[in-house]
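> Make the full structure from the sequences, and use the hints.
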Amino acid sequence: MKNIRLFRTKKEYEDFVFGEVFTELLIRDNPFYRNLIQLIIDSKAPVFYYQSDESEHANFSGYYNFELIRETYENKTLRSMYFLHDFTHLLFYYPYDMTSVSEEEFSDAVTLAEYTASNETEIFIHYRIPELREKVFQDRRIFFDILKERETPQPPIQAMFQVRKIIIETDSLDSLFFTKPEDAQIRDTFKSYTGSNSWCKERYQASIKLKNPHEYSYKFFTPLNYERTITVYQSTAGEAEYQRNILLNIRLLCMILGMENPPETFEECFEKLPLLEGKIMFPKK
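In this note's numbering, the protein residues as written are 148 to 432.
Everything labelled a hint here was simulated from the structure, so no lab data went into it. Hints are supplied without guarantee of correctness; some may be wrong.
[Said to hold, decoys possible] Keeping only pairs whose Cα atoms sit at most 16 Å apart, straight-line, the calculated EDC-like set for lysine to aspartate or glutamate is:
1. Lys356 with Asp244
2. Lys295 with Glu281
3. Lys338 with Asp321
4. Lys426 with Glu201
5. Lys312 with Asp255
6. Lys282 with Glu269
7. Lys312 with Asp335
8. Lys149 with Glu424
9. Lys366 with Asp189
10. Lys149 with Glu218
11. Lys356 with Glu250
12. Lys295 with Glu269
13. Lys149 with Asp200
14. Lys158 with Asp189
15. Lys366 with Glu388
16. Lys223 with Glu281
What follows is the structure, encoded as structure tokens:
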């Protein structure tokens, strides 16, 4: 981790998120997605940082409210979609206290969040912002194209979750959806998600040793209620909530890194920054 970005005020943080992170206006100014972004700002205030080690590219630090600023995206639309995918993940339950869940329960929670976030940012986003399809993946077909060709209206979230689950985990729906030769790539992309089980096992074993995980509690939603919550969301969070979330996030990072004397106040978070530079969250062994 390097160049960890901390901001003294919530306004400075919001200006950064809306001005430098979500730079695609179609996403940033869409009422639904602007509410989603604001809700995550208010409830978790993820901390942004730059990569200092190769392993950070796929260590899923977003689960711990630390958001990697990937410098590999030259297309601002795809970059905004990447951040939106991670922000959508942050809506859902992720256990920090592994002593309170089994390995299977942990894997189920991760899978639920991944399937739902992927549906939102790969399929529903094109229903919510029809103009977006022209700006991304122009050289390939995506699952939304199959639905659009069949004039399928926006599916219910729970129904689409079941469709994704069945496609990834079985072959039962393959003959229904993937009827053209060019659909093979879409099918193969879906099937590739089955590789998350080994990651869940490794992360569960690494996390079960963490100290005082019960301290870290954040608001979360479910696939059944997040859409209606976001649709009507109005921000009421102020500086106190922002400072609490930043303090909680930095303390969580210190716990993961095994560092003694985590910050006790918002101001101490800034004092700890030099000690966090160059550290790696869950380094590969």
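> For every hint, state whether the structure bears it out.
Each hint, compared with the structure:
1. Lys356 with Asp244: holds (9 Å)
2. Lys295 with Glu281: The given pair, whose Cα atoms are some 13 Å apart, holds under the 16 Å limit.
3. Lys338 with Asp321: holds (11 Å)
4. Lys426 with Glu201: Holds: lysine 426 and glutamate 201 sit about 12 Å apart, inside 16 Å.
5. Lys312 with Asp255: Given that 16 Å is the threshold and the Cα spacing comes to 12 Å, the pair holds.
6. Lys282 with Glu269: Holds - the C-alpha atoms of glutamate 269 and lysine 282 are around 13 Å apart, at most 16 Å.
7. Lys312 with Asp335: Status holds; Cα separation ~14 Å.
8. Lys149 with Glu424: Since the Cα atoms of lysine 149 and glutamate 424 sit roughly 5 Å apart, the hinted pair holds (cutoff 16 Å).
9. Lys366 with Asp189: holds (10 Å)
10. Lys149 with Glu218: OK: lysine 149 and glutamate 218 at ~13 Å, within 16 Å.
11. Lys356 with Glu250: holds (13 Å)
12. Lys295 with Glu269: Satisfied, since the Cα-Cα distance of roughly 13 Å is no more than 16 Å.
13. Lys149 with Asp200: Holds - the C-alpha atoms of aspartate 200 and lysine 149 are around 9 Å apart, at most 16 Å.
14. Lys158 with Asp189: Distance ~11 Å between lysine 158 and aspartate 189 Cα, so the pair holds.
15. Lys366 with Glu388: holds (12 Å)
16. Lys223 with Glu281: holds (14 Å)
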